[in-house]
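S.K.: As a plain string of letters, each chain reads:
Number of protein chains: 2
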Amino acid sequence: MDQKGISRAVIKRLPRYYRYLGELLEAGVERISSGELSERMKVTASQIRQDLNNFGGFGQQGYGYNVRHLHTEIAKILGLDRTHNMIIVGAGNLGQALANYASFERSGFKTVGLFDVNPVLKGVSVRGIEIRMTDELPEFIRTHNVEIAALTLPKTKALEMAKCLVDNGVKAIWNFALTDLNLILPKDVVVENVHLSESLMRLSYNLNTYSGEEHKK
Amino acid sequence: MDQKGISRAVIKRLPRYYRYLGELLEAGVERISSGELSERMKVTASQIRQDLNNFGGFGQQGYGYNVRHLHTEIAKILGLDRTHNMIIVGAGNLGQALANYASFERSGFKTVGLFDVNPVLKGVSVRGIEIRMTDELPEFIRTHNVEIAALTLPKTKALEMAKCLVDNGVKAIWNFALTDLNLILPKDVVVENVHLSESLMRLSYNLNTYSGEEHKK
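Protein chains in written order, with this note's numbering: chain A, 4 to 220; chain B, 4 to 220.
Keep in mind the hints are simulated off the structure, nothing from the lab.
As the structure is a computational prediction, the values presented were derived from the model and not from experiment.
Where hints are given, some of them may not hold.
If chains are identical, the list can't say which one is meant, so a pair holds when it fits in one copy or spans any two.
Here are the simulated BS3-like cross-link-like pairs (lysine-lysine), alpha carbons at most 30 Å apart as the crow flies [said to hold, decoys possible]:
#: 1; residue 1: K79; residue 2: K45
#: 2; residue 1: K160; residue 2: K45
#: 3; residue 1: K160; residue 2: K125
#: 4; residue 1: K79; residue 2: K125
#: 5; residue 1: K113; residue 2: K190
#: 6; residue 1: K190; residue 2: K79
#: 7; residue 1: K190; residue 2: K166
#: 8; residue 1: K125; residue 2: K190
Chain A extracted, bound-state conformation (with noise of 0.2 Å):
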């Protein structure tokens, strides 16, 4: 199956579909139609079609959706059908509060790792992961088959350590720090940006135009 060229408009409802089929699974149910797909998450059925048919489309006309069918099928698109080893660079309050997400591991994301500059650190345990020092990150990444590195340092020091990263070998940054790392690093590494600062102003801008009485209808 061909992905090139998908749309991130695509990409980016992919995650949404497949946690909305997730529940349905768990609530039991084995087939669903993109209409009654469509009232449950307030997109147009036409949309839901269109959507999926990007992937060579998995419904039967007047059948509708398998829902583990589905749901496994955009697991595998999604790359969740395999164990994706992730370390997280900058064990401050961030750092940790990712270190403690179970869920991430649920969905194949699993944290091998947790580093730091600060020497205090050094040894803590979150969630069972020891902090170590980065000075150790290259071997580590080695020996642990890291792809992903969720990077949550200062953005004064984000720059240096994606490349020193990159260059060991890490193949995807998932970036906290409020920076274009894609603006230096090689262009076949994936940076994800989470840049919570600018999501804060996008609501600011919202709250600023939309709010209030003149956006009810």
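Given chain A's structure and the hints, the job is docking chain B onto it.
M.R.: For chain B alone, coordinates are given in the frame of chain A:
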């Protein structure tokens, strides 16, 4: 200035302009051409001119942009020219991590309260902010002019809490719970989602699809 009807894509880019202009200001740069800004941000100059024209345009032909003026104007558009009182509901790892972000305050988002349902946390302080129990919420929202609530509760508790927050006057929810609040809240309530596990799935998709030799160019 009419800001309605501006595309989400432009709004998504505005905080990034704001960040780059802030860095230029710090570096003492007073004036910049769209060409120079384009080079730094790796966005085309015509994209920059187009984006900023949405807000009336701030540049003068052959003269470039006044950095401080543009920074100030974008701040106004984003609603950063005034203080927004924010509470955090859910004082677990993530909620405490957010409470520790002093940088939000520098952009005008002031965390005035931190709430949880777990009595063990009652009275614990995070960066000087005392954790309160959620039964105090209604009065607190009224007396502290709370506009924004960051919601970091598990998804099973998030829906009911979101309704309660909105009923008591909260206008915007910064939603970290993996559930679609906009399906149940009134249309004029602003919801900005940060769905960490979905972000990780997009990373995984890109890793699956684009990483490695074939994407090198």
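S.K.: Hint by hint, say whether it matches the structure.
M.R.: Against the structure, the hints:
no. : hint          : result
1   : K79 <-> K45   : within (25 Å within a copy, 33 Å between copies)
2   : K160 <-> K45  : between (42 Å within a copy, 21 Å between copies)
3   : K160 <-> K125 : within (18 Å within a copy, 35 Å between copies)
4   : K79 <-> K125  : neither (37 Å within a copy, 43 Å between copies)
5   : K113 <-> K190 : within (25 Å within a copy, 38 Å between copies)
6   : K190 <-> K79  : within (24 Å within a copy, 35 Å between copies)
7   : K190 <-> K166 : within (13 Å within a copy, 44 Å between copies)
8   : K125 <-> K190 : neither (33 Å within a copy, 48 Å between copies)
Going through the hint list in order, the structure does not satisfy hints 4, 8.
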